[in-house]
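Asks: Build the full structure now, drawing on both the sequences and the hints.
Following the working numbering, the numbering of the sequence shown begins with 209 at its first residue and continues without gaps.
Because the hints were derived from the structure by calculation, they are not lab data.
Watch out, some of these pointers could steer you wrong.
Claimed, not checked - Simulated crosslink set (SDA-like; lysine to any residue; CA at most 25 Å straight-line):
(1) Lys287 - Ile238
(2) Lys236 - Gln288
(3) Lys287 - Phe247
To be verified - Simulated DEER-style distance windows between Cβ atoms:
(4) Asn232 - Val284: 16 to 26 Å
(5) Gly233 - Val281: 16 to 26 Å
(6) Leu263 - Leu212: 15 to 25 Å
(7) Ile238 - Lys287: 20 to 30 Å
Note that the structure is predicted; figures quoted are calculated from it, not measured.
Ideal Cβ positions, reconstructed from N, Cα and C, are used throughout, including at glycine.
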Amino acid sequence: MKYLFLGLAIIFEVIGSSFIKASNGFTKLIPTAVVAIAFITCFYFLSLALKSIPLGTAYAIWAGLGIVLTATVSVVVFKQKLDLAGIIGILLIVAGVVVMNVFSKTAAH
Numbered sequence: 209m210k211y212l213f214l215g216l217a218i219i220f221e222v223i224g225s226s227f228i229k230a231s232n233g234f235t236k237l238i239p240t241a242v243v244a245i246a247f248i249t250c251f252y253f254l255s256l257a258l259k260s261i262p263l264g265t266a267y268a269i270w271a272g273l274g275i276v277l278t279a280t281v282s283v284v285v286f287k288q289k290l291d292l293a294g295i296i297g298i299l300l301i302v303a304g305v306v307v308m309n310v311f312s313k314t315a316a317h
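Replies: The following block contains the structure:
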């Protein structure tokens, strides 16, 4: 369940971050409400995941995958471009998450 909770936290973080863009500086009511609800839900599920996943591990996975998925949404939904440096950076984030989970003893699975 702990990784399900972390996965839900990541999904709601990506939704919240994506709707920040859609809220147009919090001037549009519905997207602003989605931001608030998504982040409250995100932090609720993150808090549940933190009951059994070490903080550093959970935060690295949450932030890393959140960045990757939010960047993907920015390209697909908002038609923003990623340059080579951005793509390399995202690949390094993914590699870091994999290294932490596969090789680190801190992950405490």
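Asks: Measure nothing beyond the straight line between the CA atoms of lysine 287 and phenylalanine 247; if it is 25 Å or shorter, mark the hint as holding.
Replies: 24 Å, holds
Asks: With respect to the beta-carbon atoms only, verify the hint that leucine 263 and leucine 212 lie 15 to 25 Å apart.
Replies: Distance hint for leucine 263, leucine 212 holds at roughly 18 Å.
Asks: Does the Cβ-Cβ separation between asparagine 232 and valine 284 fall within 16 to 26 Å?
Replies: Distance hint for asparagine 232, valine 284 holds at roughly 19 Å.
Asks: Measure nothing beyond the straight line between the CA atoms of lysine 287 and isoleucine 238; if it is 25 Å or shorter, mark the hint as holding.
Replies: 22 Å, holds
Asks: Between glycine 233 and valine 281, is the Cβ distance one that fits in 16 to 26 Å?
Replies: This hint holds: roughly 18 Å between Cβ atoms.
Asks: Can you confirm whether the C-alpha distance between lysine 236 and glutamine 288 stays at or below 25 Å?
Replies: 21 Å, holds
Asks: Between isoleucine 238 and lysine 287, does the C-beta distance stay in 20 to 30 Å?
Replies: For isoleucine 238 and lysine 287 the Cβ distance comes to about 21 Å; the hint holds.
Consistency note: the structure conflicts with none of the earlier hints.
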